[in-house]
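S.K.: Make a model of the complete structure from these sequences and hints.
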Amino acid sequence: MYKKIMVPVDLEHTDKIEKALHGAAELAKSYDVPVCYVAVMGRVPNRVAPSPEKFEAELNMFAREQAGKYDIATECKAVPSVDVPAELDDKLLGAVDEVGADLIVMASHIPGIADKLHLISSNAAYMVKHSSVSIFVVR
Amino acid sequence: MTEETKEAEQAISEIEDLYDTDYEIGQDNIEKWGFDMHAPVFPVSAFLILVFVVSSLMFPEESKQGLEATRNWIQNVFDWMFLSAGNFFVLFCLALIVLPVGKIRLGGEDAVPDFSVLSWFAMLFAAGMGIGLMFWSVAEPVGYFTEWFGTPLNVAGFTDESRTAALGATMYHWGLHPWAIYGVVALSLAFFTYNKGLPLTIRSTFYPLLGDRVWGWPGHVIDTVAVLATIFGLATSLGLGAQQAASGLNFLFDIGGGLQTQVIVITGVTAVAIVSVVRGIDGGVKLLSNLNMIFAILLLSFVIIAGSFGDFFANVGRTVTGYVEYMLPLSNPVGRADDTFYHSWTIFFWAWWISWSPFVGMFIARVSRGRTVRQFLTAVLIVPTAVTVIWMSAFGGSGLDQAADGIGELADGIGDSTLALFQMLTHLPLTGITSFLAICLVMVFFVTSSDSGSLVIDSITSGGKTTAPVTQRVFWATAEGVIAAVLLTVGGSAALQALQAGAVSMGLPFTFILIAMCASLARGLYHERQLLAYNAVLQR
Numbered sequence: 001m002y003k004k005i006m007v008p009v010d011l012e013h014t015d016k017i018e019k020a021l022h023g024a025a026e027l028a029k030s031y032d033v034p035v036c037y038v039a040v041m042g043r044v045p046n047r048v049a050p051s052p053e054k055f056e057a058e059l060n061m062f063a064r065e066q067a068g069k070y071d072i073a074t075e076c077k078a079v080p081s082v083d084v085p086a087e088l089d090d091k092l093l094g095a096v097d098e099v100g101a102d103l104i105v106m107a108s109h110i111p112g113i114a115d116k117l118h119l120i121s122s123n124a125a126y127m128v129k130h131s132s133v134s135i136f137v138v139r
Numbered sequence: 001m002t003e004e005t006k007e008a009e010q011a012i013s014e015i016e017d018l019y020d021t022d023y024e025i026g027q028d029n030i031e032k033w034g035f036d037m038h039a040p041v042f043p044v045s046a047f048l049i050l051v052f053v054v055s056s057l058m059f060p061e062e063s064k065q066g067l068e069a070t071r072n073w074i075q076n077v078f079d080w081m082f083l084s085a086g087n088f089f090v091l092f093c094l095a096l097i098v099l100p101v102g103k104i105r106l107g108g109e110d111a112v113p114d115f116s117v118l119s120w121f122a123m124l125f126a127a128g129m130g131i132g133l134m135f136w137s138v139a140e141p142v143g144y145f146t147e148w149f150g151t152p153l154n155v156a157g158f159t160d161e162s163r164t165a166a167l168g169a170t171m172y173h174w175g176l177h178p179w180a181i182y183g184v185v186a187l188s189l190a191f192f193t194y195n196k197g198l199p200l201t202i203r204s205t206f207y208p209l210l211g212d213r214v215w216g217w218p219g220h221v222i223d224t225v226a227v228l229a230t231i232f233g234l235a236t237s238l239g240l241g242a243q244q245a246a247s248g249l250n251f252l253f254d255i256g257g258g259l260q261t262q263v264i265v266i267t268g269v270t271a272v273a274i275v276s277v278v279r280g281i282d283g284g285v286k287l288l289s290n291l292n293m294i295f296a297i298l299l300l301s302f303v304i305i306a307g308s309f310g311d312f313f314a315n316v317g318r319t320v321t322g323y324v325e326y327m328l329p330l331s332n333p334v335g336r337a338d339d340t341f342y343h344s345w346t347i348f349f350w351a352w353w354i355s356w357s358p359f360v361g362m363f364i365a366r367v368s369r370g371r372t373v374r375q376f377l378t379a380v381l382i383v384p385t386a387v388t389v390i391w392m393s394a395f396g397g398s399g400l401d402q403a404a405d406g407i408g409e410l411a412d413g414i415g416d417s418t419l420a421l422f423q424m425l426t427h428l429p430l431t432g433i434t435s436f437l438a439i440c441l442v443m444v445f446f447v448t449s450s451d452s453g454s455l456v457i458d459s460i461t462s463g464g465k466t467t468a469p470v471t472q473r474v475f476w477a478t479a480e481g482v483i484a485a486v487l488l489t490v491g492g493s494a495a496l497q498a499l500q501a502g503a504v505s506m507g508l509p510f511t512f513i514l515i516a517m518c519a520s521l522a523r524g525l526y527h528e529r530q531l532l533a534y535n536a537v538l539q540r
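Chains as they are written, first to last, in my numbering: chain A, 1 to 139; chain B, 1 to 540.
Honestly, I wouldn't trust all of these hints.
Capping the alpha-carbon separation at 27 Å, the derived lysine-lysine pairs in DSS-like fashion look like this [to be verified]:
#1 A:16 - B:32
#2 A:19 - A:69
#3 B:32 - A:91
What the hints contain is simulated information worked out from the structure, not anything from laboratory work.
M.R.: And the structure:
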């Protein structure tokens with residue numbers, strides 16, 4: 001039914017997306033398709049890595065760990081960005097076609113007061129609104 | 001393994017240990033309500049901003065007197081220090097261009113630039129100097145020529161010599177020196193961020209000197225002062241700039257330059273700045289900077305063509321001669337007799353550039369990954385100076401030609417300095433179109449300062465984390481606009497001038513910070529050069 005599953009990941013907060021990672025792995029197994037982990041990578045050092053090169057290495061390692069943990073085929077893609085918070089949505093959207101995914105599994109926060117006040121936006125909501133592929137939002 | 005490679009490996013690990021910190025970017029941060037704040041820098045800065053704003057609103061006249069007295073005291077007592085530091089920064093940057101360390105690439109040997117040379121260059125101007133050049137490129141040289149408020153080295157006004165001196169002195173204030181000040185901060189930040197993996201915040205530049213202590217209170221103080229200098233500098237420029245823009249709009253369209261127009265200008269600029277920060281560097285500030293570069297080239301070409309090529313080339317000659325002839329005497333801090341010019345112009349500008357350097361320097365650093373030290377400093381020092389020579393010869397030159405030939409208001413001296421540009425344009429053809437273009441340029445430069453400033457404050461107040469939610473930068477952009485509007489509405493010009501004097505006074509502590517930064521950068525570059533040499537040994 002699906003050919004490839006894309007999972008957007010924030011390497012700084014992998015603990016918060018555990019359920020999405022698990023769900024994606026289960027789907028990958030049942031359809032026997034690979035999972036591609038996509039992360040948007042800034043140019044400035046962050047908590048994950050001090051340079052873009054090391055960030056890519058971290059993402060590679062993460063994909064390998066997931067492959068071992070769930071016994072699935074994995075790949076990964078780091079999308080470069082000069083301004084991550086502003087470009088995150090568009091870069092993720094662009095990555096869908098680039099990696100050739102036809103299903104996205106992604107975590108999303110539970111809406112609270114900040115969402116009601118429009119203080120924060122939801123990346124998952126943006127993807128649902130703008131992407132043509134199926135999306136499984138996990139909370 | 002030979003003895004030589006063993007030694008190289010040993011040396012590399014020793015140098016790498018010097019920059020090996022356990023500090024994790026964002027480890028002191030609090031994530032709440034869509035914010036990602038460094039504690040204590042964010043709350044303390046926010047609190048101090050509130051205290052300063054409220055007190056300057058409650059006692060506008062008293063704060064103005066107090067803070068301006070502080071600024072004047074600083075400018076009078078430490079005049080030699082500002083001037084010498086400025087000279088030192090120019091020499092330091094020029095040395096780095098020619099020394100072998102110039103080959104070091106920001107971001108490592110394989111790093112490629114994120115922006116094209118033209119966009120990069122447009123952004124350098126948009127953050128730091130655009131508005132000032134718009135307002136002062138006519139007013140300042142004409143002011144010197146007409147003896148408005150002191151003349152450089154007391155040269156008598158209304159003479160041929162004073163035309164050359166006026167252009168030379170203005171170039172001195174807008175040429176190598178300010179860009180060297182920005183260059184030192186920008187290069188330090190870029191180097192320690194991209195080559196050493198430290199967070200993008202001012203304190204990181206002191207890591208080689210202070211070690212892990214920079215993550216403690218010395219770092220908190222440096223970052224908090226940088227935030228205050230930036231936000232007050234930006235908010236007061238926006239407030240005072242709105243007055244200038246409103247008087248320009250009134251001059252053009254006769255719509256009244258009162259408070260209402262001023263608040264509309266602030267609201268408009270802030271609204272566009274918010275859209276711009278939400279769209280990010282690529283879709284916001286880069287786009288606007290490129291747009292403004294096109295506007296600026298159009299206006300510049302027009303002034304050159306309309307004012308005749310012959311006059312323009314004569315003025316280029318004067319500007320270059322004046323700059324070369326007057327640079328050394330004007331950089332000399334000993335035995336100055338031109339007190340009004342020296343303190344009210346030069347030292348004021350120096351304190352101003354230095355207090356803005358954390359903001360402009362950090363923004364330049366943000367967009368400069370992938371350039372070598374040599375390319376970087378050439379582009380930050382030499383190219384802007386060359387462009388300013390052209391700009392000043394066209395705008396200042398035309399203004400001086402009119403003043404010398406007795407044409408229009410400029411011949412009577414500077415009445416309202418903010419109108420000098422428009423008064424000059426009135427006596428060229430197509431005034432309506434060119435003045436409108438000039439107003440657009442000014443407005444967009446305001447937007448680019450405001451949005452790049454918000455990105456910088458956002459980065460400092462989140463401990464160098466550039467992935468903090470967009471909400472946070474919207475907060476800072478809004479804060480600038482609100483502070484400017486409230487100060488203007490409740491406290492009037494006095495409150496704005498009070499806070500601006502406060503911001504400029506921060507030039508003094510930053511002068512010391514910048515000198516230390518040079519030492520730190522020199523050490524860092526020296527280590528990097530050694531690393532490259534040892535790595536070359538290993539690869540043989």
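S.K.: Run every hint past the structure and note whether it holds.
M.R.: Quick rundown of the hints versus the structure:
| no. | hint | result |
| --- | --- | --- |
| 1 | A:16 - B:32 | 16 Å, holds |
| 2 | A:19 - A:69 | 14 Å, holds |
| 3 | B:32 - A:91 | 25 Å, holds |
Against the hints set out earlier in the document, no violation occurs for any number.
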